[in-house]
Every structure is written in C-alpha cells, then in structure tokens.
Amino acid sequence: MATRLNPYLTFRDTAREAIEFAPSVFCGELTMAHWGDSFGMFTDTFSVSCLVNISGSPS
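One point on numbering: in this note's numbering, the residue at position 28 of the sequence shown is 37, and numbering is uninterrupted.
Calculated directly from the structure, the hints in this document are not laboratory data.
Treat the hints with caution; some may be incorrect.
[To be verified] Pairwise CB distance ranges, derived in the manner of DEER restraints:
1) Arg21 <-> Ser66: 33 to 41 angstroms
2) Cys36 <-> Val57: 29 to 37 angstroms
3) Met10 <-> Thr54: 32 to 40 angstroms
4) Thr40 <-> Leu60: 15 to 23 angstroms
5) Ser66 <-> Val34: 32 to 40 angstroms
6) Met10 <-> Thr52: 18 to 26 angstroms
7) Ser47 <-> Leu18: 29 to 37 angstroms
8) Gly65 <-> Thr40: 20 to 28 angstroms
9) Thr19 <-> Asp46: 19 to 27 angstroms
10) Cys36 <-> Ser56: 29 to 37 angstroms
11) Thr54 <-> Tyr17: 17 to 25 angstroms
12) Ala11 <-> Asp53: 31 to 39 angstroms
13) Met10 <-> Gly49: 31 to 39 angstroms
14) Met10 <-> Phe51: 18 to 26 angstroms
Glycine included, each C-beta is placed from N, C-alpha and C at the ideal position.
All chains should be built: construct the whole structure from the sequences, respecting the hints.
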C-alpha cells in the first residue's frame, strides 16, 4: 500500500519564495490547489492550532 504525504507548511513574510523553492529541495513538483469554499485557522487557549477547510458539493 502506497503512502502519500501531504505536508502543511507555514511561513512568515516570505511564503511565495519559500514555496516556490521547496520543490527543488524535495525533488518534487509544485501544485497549488485552492483551499475549500471556506477556510479558517486559529490557536486555542491551550496553544493548539486548528485548521478548518470546508468544501461544498462537487458540481
């Protein structure tokens, strides 16, 4: 069974430069898919970061 890694990276100020450079480091291909219809992120009072990605039904 094949394993697929979907990394989630965060960058401060230089996100575009970093994400365009990453494929050369990891010998991969850059693919940018739009997030869902609604996206949000927050950190709770226990310092746990959460991401919410909501997509509508495919048309």
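Structure-based check of all given hints:
1. About 35 angstroms separates the C-beta atoms of Arg21 and Ser66, a value consistent with the hinted range of 33 to 41 angstroms.
2. Range check, Cys36 to Val57: Cβ separation about 33 angstroms, and the 29 to 37 angstroms hint holds.
3. Remark: the range hint 32 to 40 angstroms for Met10 to Thr54 is upheld by a beta-carbon distance near 39 angstroms.
4. The given range of 15 to 23 angstroms is respected by Thr40 and Leu60, whose C-beta atoms sit roughly 18 angstroms from each other.
5. One distance hint, 32 to 40 angstroms for the beta-carbon pair Ser66 and Val34, holds here, with the actual separation near 37 angstroms.
6. For the pair Met10 and Thr52, the supplied restraint of 18 to 26 angstroms is violated, since their beta-carbon distance comes to about 34 angstroms.
7. Separated by about 21 angstroms at the C-beta atoms, Ser47 and Leu18 break the suggested range of 29 to 37 angstroms.
8. Between Gly65 and Thr40, the C-beta spacing of about 21 angstroms keeps the proposed range 20 to 28 angstroms intact.
9. The hinted window of 19 to 27 angstroms between Thr19 and Asp46 holds, with their beta carbons roughly 22 angstroms apart.
10. Checked against the given bound of 29 to 37 angstroms, the beta carbons of Cys36 and Ser56, roughly 34 angstroms apart, stay inside it.
11. Separated by about 22 angstroms at the C-beta atoms, Thr54 and Tyr17 satisfy the suggested range of 17 to 25 angstroms.
12. Between Ala11 and Asp53 the CB atoms are about 34 angstroms apart, so this pair conforms to the stated range of 31 to 39 angstroms.
13. Range check, Met10 to Gly49: Cβ separation about 33 angstroms, and the 31 to 39 angstroms hint holds.
14. In this structure, Met10 and Phe51 break the distance hint of 18 to 26 angstroms, their C-beta atoms being roughly 34 angstroms apart.
The structure is inconsistent with the numbered hints 6, 7 and 14, although it conforms to all the rest.
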